[in-house]
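Asker: If you want the building blocks of each chain, they are given just below.
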Amino acid sequence: MSPTRREFVWTTGAAGAALALSRAHGILWTTADDEQVGWEPGIEERLSSACLVCPARCGIRGRLVDGRLVEITGNPLHPMSRGGVCPRGLAGVQVLYHPQRLASPLQRVGPRGSGDWREISRDEALAIVGERLRDLRVGGRPEALALLSGYCAGTMSDLWRQFLGSFGSPNYVPDEHDDATEVIMSLVHGIPRRPSYDLERAELVLSFGAPLFESWWSPLQALVAYAGRGSGDGARPRFIQVDTRLSRTAAGAHEWVGVRPGTYAALALGIAYVLIRDELIDDEFIAQRVEGFEDFTDARGRRRDGYRSLVMRDYRTEEVSASTGVSVERITSLARAFARSQPALAVLGSEVTRSPEGLLAGLAVHSLNVLVGSVSRPGGVMFGDDPPLEPLARPVLDPTARAGLGREQIGDPGAPFGGGDRALRFAETVAGSSNPVVEVLLVYYANPLASSDRPEIWQDALDRIPFVVSFSPFLDETSGHADVIIPDLLPYERWQDAPTPPSYPYPVWGLCRPLVEPHEGGTHTGDAVLALARNLGGSVAESLPFDGFEAAVKARARGLFAARRGMLLGDEFERRHHRQMEQRGWWLPEHSHFERFWEDLVERGGWTDLFYDDTDPARVSRRPGGRIHLMPEELLQALEEQGSAGAPYSRVARTSSAAELEFPLLLIPYRLFTLASGTLTLEPWLAEQPAVFPEVFWGPWVEVNPETAETLGLADHTMVWVVSARGRYRARLKVFPGTARENVCAPYRLRHPDGEVANPRRLLDNSRDRLTGLASWYTTRVRLERA
Amino acid sequence: MRRDAAARLANMSADERALLRPLVETSSGFRVTAAVLGGVTLWGVFAYYLQVRYGLGRTGLNRPEYWGIYIICFVFFIGISHAGTLISAILRVSKAEWRRSITRSAELITVLVIGFGAIQPIIDLGRPDRVMNVVLHAQLMSPLLWDVVSIGLYFIACTVYLYVPLLPDLALIRDSGIKAPGLYKFLAAGYRDTPSQRARLERVIGILSIVVIPIAVSVHTIIGWIFAMTLRPMWHSTIFGPYFVMGAIYSGIAAILVAMAVLRKAYKLQEYFKPVHFDYLGRLLLVFSLLWFYFTFAEYLTAFYGGEPAEMRTFWAKVSGPFAIPFWSMVAGCFFIPLTLMWRRSTRTPRGTFVAGIAVMIGMWLERFNIVVPTSVNPRWEVESIGHYMPSWVELSIMAATFSGFILLYMFATKFVPIVSIWEIKEGREESVRLVADRVAGYLPHAATSLAGGDH
Amino acid sequence: MTRWGMVIDLDLCTGCAACEIACKSENNIATVPPDQAEMGRAISWMKVQAELEGDFPHTNVRFTPRPCMHCDNPPCIKVCPVEATYINDEGIVGQIYARCIGCRYCANACPYTAKYFNWYGPEWSDSERRHLNPDVSLRRKGVIEKCTFCHHRLQNAREKARAESRELREEDFQPACAEICPTSAITFGDLDNPNHRVSELKEDPRAVRLLEDLGTKSKVYYLASRE
Ligand SMILES: Nc1nc2c(c(=O)[nH]1)N[C@H]1C(S)=C(S)[C@@H](COP(=O)(O)OP(=O)(O)OC[C@H]3O[C@@H](n4cnc5c(=O)[nH]c(N)nc54)[C@H](O)[C@@H]3O)O[C@H]1N2
Ligand SMILES: Nc1nc2c(c(=O)[nH]1)N[C@H]1C(S)=C(S)[C@@H](COP(=O)(O)OP(=O)(O)OC[C@H]3O[C@@H](n4cnc5c(=O)[nH]c(N)nc54)[C@H](O)[C@@H]3O)O[C@H]1N2
Ligand code: SF4
Ligand code: SF4
Ligand code: SF4
Ligand code: SF4
Ligand code: SF4
Ligand SMILES: [Mo]
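Chains as they are written, first to last, in my numbering: chain A, 3 to 789; chain B, 32 to 487; chain C, 7 to 233.
In isolation and in its complexed conformation, chain A is listed as follows (with noise of 0.2 Å):
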């Protein structure tokens, strides 16, 4: 060893010596130890509770060190994610640390959107909007409030109407996911409510569009199921995904089916045609169950084309194949395993919903769990219900509140089924309209400024609205225009419950709880909209009597203490053994206290009931004669109404639009599994790396054929505009051979590091679903430009 020494003196002995010199300094280098500067583990602590980052509401353990939220684990007993979480809830320790979260209630002092603010006590800041409220009222005009809401189910959403109700005004805006599905299932079941999708239990899941494990309404059950972790026994669904790009659904998925945008009820129905053809439908399900399938006399008294007829007139497999772009075989296979591998199921992304055919689109696809009589079976479509909770409390009104109400909402639908984009027509409304029709708006998890495709028009319509006031935690682009701010407490800060979306069959209501100590210059929006109750006093404050939400909370879990049934979020073993109590109508209570029973919940994170009763002929129908109707006869006659050609299960020939030599390609906006939010500048282990392919960092990009940027003469991550005849804007290209030729695919909620928005959607053409009023996403066309 020691000649090494002497001669390794030799050589480095001076370089060594010269830089031992500046280390003495300690500028350079800081020194071993330091790395571990500050490391002594403190007090450690898990806590379960629920994941309010997107609809899904998985169910979380956060790691507590000395009070800091160090760490987001699943919690194993929530039995739709099953200690699952996905990265976005992971990153949710980035957004409770979040720079552009705001230290206090704030004022405008300047201009609109000046920027210039004055920090407000809680209760000067209560104050003052309660003023405002007050003068409503007596002024008799109640109806001029407000709420503009973006996704929130629960407890926050039901204090919201009570106090709205109670006030008096008919205007909720639910600024969240729009779609048609509600529609469809009111159409076809009359159960007005989104479709459950058994997907644990299925053989075959066959996926239209739906971006089951992105951004779905919950992208864990969807990954529990397609794990096998849902079925006790293991066993595992086969998915396959029918999808215009490579989505990482379509990526995770068993088979990826590749089509041509637009063309999801072609595919459907050209499915549908085999079924038929090869005598592989439930005919006795549809006898007994189902009307329309066969030629039928409507309302009045006319002979009408039945579902079977027009299916086998107008899909022949050879004409699918031709506009779908599926091969004829494929179709057929497709048609054969999803007859043979039953149950089946195949679950209507809320995206075939958005195009200008999009409700009949809908239908169509939709009509295949019919025809294999995939409905309220074990694997099949469903039609859950709500947790049991106890009531708010009986709304009071007092006759400014009913006469507020009597008043009509503002934004009205404008189509025969549905609301559209409702949080976009009252916008148009009270842009359009000359005198204030609102004075005051509430902005509560909504930034339409950032997320609105048609931003130009909420700014006209905020500019005429008089006081604006958003409960928003980070100082946002609509937040930025109010005249107060409230900022509300993070997830990990409050309490609120946490009910898991409609696309899971069974009820759990998860219960989100304080991780850490609550921001001092933060107030929980349910606590400020109980106070403002409070301070308003009268029958909205006896319609609201809780001193604080956590209390509104607790007192809702009366309701499922009481209600005989369900159980408290346990291990599989509780579980099984409970869905086999319940299905002997049985039922043992665990808890004699409420107090008890409550402590229980807190700790194991929530209440489920996994018991679905699918002899309820309820759950298959609830119109006149409990039967199906694959076509319903408000539809028929809305149709007619619209002298539409197109009737349902028919084809409308495909227009090709002069537009498209001015834009050769088809834009194809998706949300981004990595993205909760348009607003926040991104949390950064998400913003480095946002997908998983193509490889990108922090940046917007677009998605284009190899061939296609080739032809363009576009290399590989070069910066482009992305154009449309609305407008444009920048991103990267990335050359992805999982995107077809003719196609642009367009990551949304991108923005760029210096905050430029990056919104694909704000080039969307106008074209809408005129029965339904929704913005059709898939239809706008663009080109690239070197930018």
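Keep in mind the hints are simulated off the structure, nothing from the lab.
Misleading hints may appear alongside valid ones.
As the list claims (entries may be wrong) - Per the computed footprint, the stretches of chain A lying under chain C, defined by three or more beta-carbons under 8 Å from a beta-carbon of chain C, are: (1) 70-81; (2) 89-101; (3) 227-240; (4) 257-270; (5) 555-564.
To be verified - Cβ-Cβ distance ranges computed for the label pairs, FRET-style: (6) A:R48 x B:V350: 55 to 65 Å; (7) C:R172 x A:G44: 44 to 54 Å; (8) A:E522 x C:D78: 48 to 58 Å.
Think of the CB as a built atom: it goes at the ideal place given N, C-alpha and C, for glycine as much as any other residue.
Assemble chains B and C with the ligands onto chain A, guided by the hints.
Answerer: Chains B and C with the ligands only, in chain A's frame:
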């Protein structure tokens, strides 16, 4: 002082006059060049400061391109260092008489260049402040450690090997008193060219010239092993040891040729660096260009023939992929140019060899590049995306500084020691003719008597 | 003899990358700014790699989550001049950040490119510092880092087990990635312990190891039905 130094020179022998003049006279050209080189060097030092202050992020390196310019230069410079010692040792051992005027300049290159080579890996470290860990926590399995040892040894050996043959000349300068008497008194270490001292000197040189050969060989073998010991495609090759040694000598010869050509002009040494020297070294260069081709061909053929996917990705990246330009330039510089020039006597002139030398040096630098970079950017685990490498200005500055720093030092060295060994020239004039005659006689039949002595 | 290892079922992996983020959160992995990321300097101890083949609509994807393989015969440790990377007697290959001189030789020697280098010092905004995991030390400028099989969790689990004076159970020590995977594609445990699932999973006919022929004796197995 200047004037009487000149006076002193005046009454010395022709050889001494010619060879000692550079020590006392400094042209303005020299000053300008020195100033420029000095500037470049300082700039590089500044660049390195930035790198140390802010991290290796200042380079163009990344994952999987973990090694770049610094390691390339490391291999290159240590390669050059084989110029002197090895060549001169071989020539000495083989008693090649024509060596006498070239060994000194060659040995000087070696000693200086080793230092510049050896600091490259340190410049490349993420935590140079911890460089001593290599001693404190030495992990003997690591080729990097073997390298530290062998380079260390090599440096010592070369320094001694440079110093010992210097003694007579140092003594001469001391006695002539033309320059810094104190310094040369110290350096000459009391050597008084007495016959016995001279005899001992010759013996020591004899031994040294044999000892340094294996050391020199080991140095570049191990450098080759640094790469070969990993499982990376086109690094993991048994030929790398010898391949590197050969390449080193090759670039060494090229370096000598270039140095000689320059010195010849700068110090008017046409008398000492004769066409014949260039001719002989040129032949050597020719031989090595062929050797180089042989090794390279063998290396690439085996890779290609084996056709292992991982290897092929790197292979094609070099031959026809993104690295085609550096690759084929390398082939031109290391093979075609020297071959065509050194083939005919008519171009084995000082100018011809100079051009060939430059070509070979560039070619050999590129060879190092083609070994380090293409393999790095093509990870063995093929799902990993292909890397890319664009050296940053910091790296390039430091590389420039290394070159300029070396040249600068070499220039200063010529101000302190005669660039041609005076005493060996003298010795040549006085004795070698006789010695050679005897030796040649010794080769011939029935003529060995005078040497063999009357033992029958 | 305990030999910690991992089995990843590629037939279950949907490439959701939860494992990646869980690892970053557990092990205090810093992000790098955009320009740096573009240069290939992002750090991700667990990296979900996507292999794409075929053109629309026949494009296929195979996801491969890639941690450190914790080779039993690790090419990376042999070459380290200062023994800053080592294999312990339970087969976990570790890094000594405070000793590493940053020569990146190990990184070159790793056939799986599983090692990451801190080209600059990590930058933690104040907000990010708030959620750092106290069990895991931070790496500084100029050193190599990589997946540690969440070694710190093992130490904690051991202490816990000792405190409760009982044997270490399989579920006591699960790395962050295995714990979070929504499809339970990742199984972790002692390969030599017949009671641990990994010990039989690794015998599954679908089981393969990456670059097995290199003889690195990787302790991360992949289950992939050869379709
Ligand atoms: N990650 C994440 N998930 C969320 C949310 C979130 O904030 N973050 N929010 C929830 C909310 S509010 C919403 S609105 C939903 C949004 O989720 P979705 O409404 O499902 O919208 P996208 O996620 O954009 O998925 C659209 C999919 O439709 C496919 N598609 C492309 N072209 C067509 C076509 O022509 N027809 C049809 N039918 N489909 C096509 C695309 O490939 C894409 O995968 O996500 C919910 N889940
Ligand atoms: N660019 C883009 N535009 C879109 C979409 C998109 O994905 N990208 N999606 C479309 C769809 S489907 C929908 S549903 C709408 C949704 O659009 P929005 O309803 O605006 O939803 P987000 O954009 O997520 O904005 C929610 C806002 O709530 C605030 N927020 C975050 N956390 C909290 C909290 O804890 N409490 C409170 N009170 N507020 C909080 C944040 O400031 C955030 O800006 O946008 C539509 N437009
Ligand atoms: S799926 Fe939604 S709710 Fe579940 S963890 Fe991810 S973000 Fe949270
Ligand atoms: S978390 Fe599981 S499913 Fe998601 S990428 Fe990692 S291994 Fe695959
Ligand atoms: S995978 Fe790479 S880093 Fe990990 S042990 Fe093996 S060689 Fe070392
Ligand atoms: S980079 Fe650090 S760990 Fe890797 S070989 Fe060099 S010293 Fe060892
Ligand atoms: S084992 Fe731990 S360190 Fe390794 S990848 Fe998984 S989480 Fe990261
Ligand atoms: Mo939405």
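Asker: Now, for every hint given, state plainly whether the structure supports it.
Answerer: Verification of the supplied hints:
1. Counting residues of the region 70-81 of chain A whose C-beta sits closer than 8 Å to any C-beta of chain C gives 7, which meets the bar of three, so the coverage hint holds.
2. Coverage of the region 89-101 of chain A by chain C holds. Counting CB-CB distances below 8 Å, 9 residues qualify, and the rule asks for three or more.
3. Here the region 227-240 of chain A counts 3 residues with a CB under 8 Å from a CB of chain C, which clears the bar of 3, and the coverage holds.
4. A stretch counts as covered by a chain when three or more of its residues have a beta carbon under 8 Å from one of that chain; for the region 257-270 of chain A and chain C the count is 4, and the coverage holds.
5. Under a criterion of three residues with beta carbons nearer than 8 Å to beta carbons of chain C, the stated coverage of the region 555-564 of chain A fails, only 0 such residues being counted.
6. Between R48 (chain A) and V350 (chain B) the C-beta distance comes to about 58 Å, which sits within the given range of 55 to 65 Å.
7. With their beta carbons about 25 Å apart, R172 (chain C) and G44 (chain A) fall outside the hinted range of 44 to 54 Å.
8. Taking 48 to 58 Å as the suggested C-beta distance range, the pair E522 (chain A) and D78 (chain C) conforms, at roughly 53 Å.
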